[in-house]
Amino acid sequence: MRVIAILGRVLDPSGIVVNRRAGRIFINREEYILPPADRCALEAAMRIKDATGCQVVALPRAPFPDDDVLRQALAVGADRAIYLDGHGLDRADDAFMASVLAAAIERLGGADLVLTGATTLDTGWVQLGPRLAEILNWPQILDAWQVTVRDDAAAVQAVVRSDGGYAVVEADMPALLTLVPGALRLRYPNGARLINVYRGVGPVAEALERWEVDALLSERRRPVLEHRGQEFPPERERGVRVRGTPAEMAQIVAEALRQRSGAMGRITPAAR
Amino acid sequence: MEASYLDLLMAQQEEFAEEAAGGGGVWVVADVVNGALAPVTLEAMGLARLLADSLGAYVYAVLLGDGVAGLAQTLYQAGADGVRIADDPFLGRFALEPYLKVLGDLFAQEGPEVVIFGATPQGNELAPRLAQRMNGGLIERVTKATLDEATRTVQGAVPVYGGEYFELLACPEARPQFLTVLPGAFPLPFMDTHRRGEPVSLPVEPVAPRVRLLGTAVGFEPPPLPLRQAPVIVAVGRQAGDLELVRQVAAALGAQLAGDRGAYDAGWIGREQIVDVRGVTVAPQIYLAAGIRGDTFHNAAIEEARYIVAIHPDPEAPIFEVADLCVEAHPAQVLPELLTAIR
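So the protein lines, in turn, are chains A and B. Quick note on our numbering: the first sequence kicks off at 1 and runs consecutively. Quick note on our numbering: the second sequence kicks off at 1 and runs consecutively.
All clues given are correct.
Partial list, computed: chain B residues near chain A (C-beta under 8 Å):
| # | residue |
| --- | --- |
| 1 | L138 |
| 2 | G184 |
| 3 | V211 |
| 4 | R212 |
| 5 | F320 |
| 6 | V334 |
Computed footprint of chain A on chain B, listed as stretches where at least three residues anywhere in the stretch have a Cβ under 8 Å from a Cβ of chain A:
| # | region |
| --- | --- |
| 7 | 120-126 |
| 8 | 162-168 |
| 9 | 213-224 |
| 10 | 279-291 |
| 11 | 323-330 |
Derived by calculation from the structure, the hints in this document are not laboratory data. Source: prediction; values computed, not measured. Think of the CB as a built atom: it goes at the ideal place given N, C-alpha and C, for glycine as much as any other residue.
When you get a sec, could you build the whole thing from the sequences and use the hints?
Rendered as structure tokens:
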């Protein structure tokens, strides 16, 4: 059995400062992290490996200038990691990457499960997983909290939110699942593997492969998404005083929270 | 003579209507929650109407579910020129494959120019799969949209890092252009109660869902997030009065409970829940401080919070110097009303 973990990397938000008045983003500390949701996907893959002895392969969710995330995955216990390289990849969007990843999975000889993070940390987008599932014509389970493979290895089961509570759902394999951030806690890397993978020594270092994207795709594809700049909200206005009866004040607070919840994309009772 | 002129005019209009019905248009896929249209669907209708008016196109809404036919007139009132309905017991509970089958067939036939979903669990499942199937572009979690009329391209503003700034994105070459819009981001449209229409029923073929519901996850509790990573925090101070009430507000907001050192001294929270530079510094999207006066150590620990609401009876409380929204009242008076309002 083969489980693919698709992992991203994102600029650590605590290292950046957005100056709304200047309309600029200042990067104080350029440090990239494995996004919380992708950490959960990697941990879910490792737990399936613990239970079934399957092979875990790490693939990047976007073209990276370095292979640090993949080395982290190998240090944690992934069996293989594929670094994708090629020309013009800096503009690659999710539609493009979905086709690249589908081609990479085919070249690997197929897979039984693909796990990835439910959302990206910066934009909160969800589309890579479903787009990949569509290309592969696989069932998808989005926003899973727990993932287990059924004893006969024919189906995967997951815990998802349903009707205000949690439910267990099942899909035949192969299938694609996305994990919500905070669902699982990623284990610490093995010390020896960590040292060897960064020193480039031993089998763990040899497990990191480099593939050319151009060789994977039969036809040249172009990204569909175009970045047209950035926009900055007005300066934060602190100290807005609320006065009135308790009911009036509560209404103002509730409305403010509702707007904020909407911007966060949270599906709270208030937001719906 | 006049009659033949009218006949000619009507024939031309019919031809135009058929042409318009055969392609393009701005489409909204409705989200039905507990038998009613989700507010985000009406907000999407308002956006669709604006875009369609600029494009010179029609607005269509698609309604899927069981017993949803009664909602069609609301969509007409919200600005739809046409409504397509797939009303079938088979669609009563959302499942990806049956919904995809209906929408995939419909859009393959109609060739929409823009398709709008709510950024809800249903929209998040459907929009990327349809976009991939139709080679379309997808801009997610849009909070503002403008139109480049020359190229008929929608440009969407997408919040980054919880709205610290917005990325402006467009899909100039891909058609259809799919959008998911964040709930609460667009205003509700004017509801014209005089608008009415005759919805068109869509065929529903039974397609088995590939994901099976096995039952409730008995005993499952999601793991608590570390306070530092919590997106919403409700913090309690000594002036809060009723701890249980604060807990209920936190539960209603899906927030983590925390507090200041005073709350810890009162035995209301654990040591790991103290928000203080000597305890945990936090950076949530929303920080609601109920009855916290706000000393220097506490206020420094919430500096990175994106939005701070403070409720305290003392107008001179230092917490008001860092809060975005300052409620000068006793929490015991405001919180019950707040609980009612957010529920």
